[in-house]
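Colleague: Here's the letter readout for the chains.
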Amino acid sequence: DAGVTQSPTHLIKTRGQQVTLRCSPISGHKSVSWYQQVLGQGPQFIFQYYEKEERGRGNFPDRFSARQFPNYSSELNVNALLLGDSALYLCASSKSLVDGTEAFFGQGTRLTVV
Amino acid sequence: AQSVTQLDSQVPVFEEAPVELRCNYSSSVSVYLFWYVQYPNQGLQLLLKYLSGSTLVKGINGFEAEFNKSQTSFHLRKPSVHISDTAEYFCAVTRSSGGSYIPTFGRGTSLIVHP
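Residue numbers (this note's numbering), protein chains in the order written: chain A, 1 to 114; chain B, 1 to 115.
Note that these hints are calculated values from the structure, not bench results.
Remember, it's a predicted structure, so these values are computed and weren't measured experimentally.
By construction, the Cβ of each residue, glycine as well, lies at the ideal position given by its N, Cα and C atoms.
Among the hints, a few may not be true.
Below are the DSSO-like pairs computed for lysine-lysine, each with C-alpha atoms no more than 30 Å apart in a straight line [said to hold, decoys possible]: (1) B:49 / A:95; (2) A:30 / A:95; (3) B:58 / A:95.
Short derived list, chain A residues pointing at chain B, Cβ under 10 Å [said to hold, decoys possible]: (4) 3; (5) 35; (6) 44; (7) 45; (8) 69; (9) 92; (10) 95; (11) 97; (12) 101; (13) 102; (14) 103; (15) 106.
Have a look at the derived ranges for each label pair, beta carbon to beta carbon [as the list claims (entries may be wrong)]: (16) A:98 / B:2: 15 to 21 Å; (17) A:16 / B:17: 46 to 52 Å; (18) B:40 / A:22: 18 to 24 Å; (19) B:82 / A:79: 31 to 37 Å; (20) A:96 / B:84: 31 to 37 Å; (21) B:29 / A:79: 33 to 39 Å; (22) B:7 / A:57: 38 to 44 Å; (23) A:83 / B:52: 24 to 30 Å; (24) A:73 / B:2: 25 to 31 Å; (25) B:45 / A:12: 24 to 30 Å; (26) B:16 / A:20: 42 to 48 Å; (27) A:20 / B:45: 44 to 50 Å.
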């Protein structure tokens, strides 16, 4: 079975531009979460979606938005990019939102803002 | 609010030696605890988790962790490490919030295994 797939794997953008990152969850998984991992830090929670509805939001500005599609894939959008948005963006999928349910992570999208 | 503190940013150790990676958490409510491993240029992989029951949890690759409620700790241990264990290790805590669970990760501990 395919794991969580993210695209693209690497991306270089200029300050002020907009970017869209994509995530396909494991088949049968209905929940997708997004994380930002700055170099040398742990992942920071951005969004959680379940059954196409936003179920959680981390402490990120409104420039960050996301959505989940009927096939449970998801997109993360970041507008007006700043240098500080440079990071590894991780997507994780899980079967449900039951506490303790294992989350499976993709390999991430490395975003560099110049 | 909840937080996770990984006390060591880097732990160097020789191959076949034991290792302990420390994790302390703070939370006003009951939590679930996790350890993840991240190899270079990869996503995170679950090593083990504590939900309830026995405080000693066994995970993959020979790792285990012990939940200590009184000390609010969840330290990760392995009796004998291999070169292939060189990676970044993250402790995480989740709690229920409005029907979903929101994870908080520590800053990570870099385990460096020397031959």
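Colleague: With reference to the structure, classify each hint as holding or not holding.
Modeller: Each hint tested on the structure:
1. A C-alpha spacing of about 16 Å is found between residue 49 of chain B and residue 95 of chain A, which places the hinted pair at or below 30 Å, so the restraint holds.
2. Distance check on the hinted pair: residue 30 of chain A and residue 95 of chain A sit about 6 Å apart at the alpha-carbon level, within 30 Å; holds.
3. A threshold of 30 Å between alpha carbons decides the hint, and for residue 58 of chain B with residue 95 of chain A the separation of about 22 Å falls inside it, so the pair holds.
4. The criterion of a C-beta within 10 Å of any C-beta in chain B is met by residue 3 of chain A, whose closest approach is roughly 8 Å, and the hint holds.
5. Because the closest C-beta pair between residue 35 of chain A and chain B is about 8 Å apart, less than 10 Å, the hint holds.
6. A distance limit of 10 Å between C-beta atoms decides the matter here; for residue 44 of chain A the minimum to chain B is near 7 Å, and the interface restraint holds.
7. Here the hint on residue 45 of chain A is kept, as its CB sits about 6 Å from the closest CB of chain B, short of 10 Å.
8. At a threshold of 10 Å, the smallest CB-CB gap from residue 69 of chain A to chain B is about 19 Å, leaving the interface hint violated.
9. Contact between residue 92 of chain A and chain B, as hinted, is supported at the beta carbon level, the nearest pair being about 8 Å apart and thus within 10 Å.
10. Using the Cβ-Cβ criterion of 10 Å, the hint placing residue 95 of chain A at the interface with chain B is not satisfied: the shortest such distance is roughly 13 Å.
11. Satisfaction of the interface hint for residue 97 of chain A is found here, the shortest Cβ-Cβ separation to chain B being roughly 5 Å, below the 10 Å cut-off.
12. A least Cβ separation of about 8 Å between residue 101 of chain A and chain B falls short of the 10 Å threshold, and the interface hint therefore holds.
13. Checking residue 102 of chain A against chain B by beta carbon gives a least distance of about 5 Å; that is within 10 Å, so the hint holds.
14. Annotation: residue 103 of chain A was flagged as interfacial toward chain B, and the flag holds, the nearest CB pair being 7 Å apart, inside 10 Å.
15. With its C-beta approaching chain B no nearer than about 5 Å, residue 106 of chain A sits inside the 10 Å limit, and its interface hint holds.
16. Taking 15 to 21 Å as the suggested C-beta distance range, the pair residue 98 of chain A and residue 2 of chain B conforms, at roughly 18 Å.
17. The beta-carbon spacing between residue 16 of chain A and residue 17 of chain B, approximately 50 Å, falls within the hinted interval of 46 to 52 Å.
18. About 23 Å separates the C-beta atoms of residue 40 of chain B and residue 22 of chain A, a value consistent with the hinted range of 18 to 24 Å.
19. A hinted range of 31 to 37 Å for the beta carbons of residue 82 of chain B and residue 79 of chain A is inconsistent with their spacing of about 45 Å.
20. Here the CB-CB span from residue 96 of chain A to residue 84 of chain B is close to 32 Å, well matched to the stated 31 to 37 Å.
21. For the pair residue 29 of chain B and residue 79 of chain A, the beta carbons lie near 35 Å from each other, so the given range of 33 to 39 Å is met.
22. Checked against the hint of 38 to 44 Å, the C-beta distance between residue 7 of chain B and residue 57 of chain A comes to roughly 30 Å, which is inconsistent with it.
23. Between residue 83 of chain A and residue 52 of chain B, the C-beta spacing of about 43 Å breaks the proposed range 24 to 30 Å.
24. Checked against the hint of 25 to 31 Å, the pair residue 73 of chain A and residue 2 of chain B passes, with Cβ atoms roughly 30 Å apart.
25. Checking the proposed 24 to 30 Å range against residue 45 of chain B and residue 12 of chain A shows it holds: the Cβ atoms sit about 27 Å from each other.
26. With their beta carbons about 47 Å apart, residue 16 of chain B and residue 20 of chain A fall inside the hinted range of 42 to 48 Å.
27. The supplied range of 44 to 50 Å is broken by residue 20 of chain A and residue 45 of chain B, whose beta-carbon atoms lie about 26 Å from each other.
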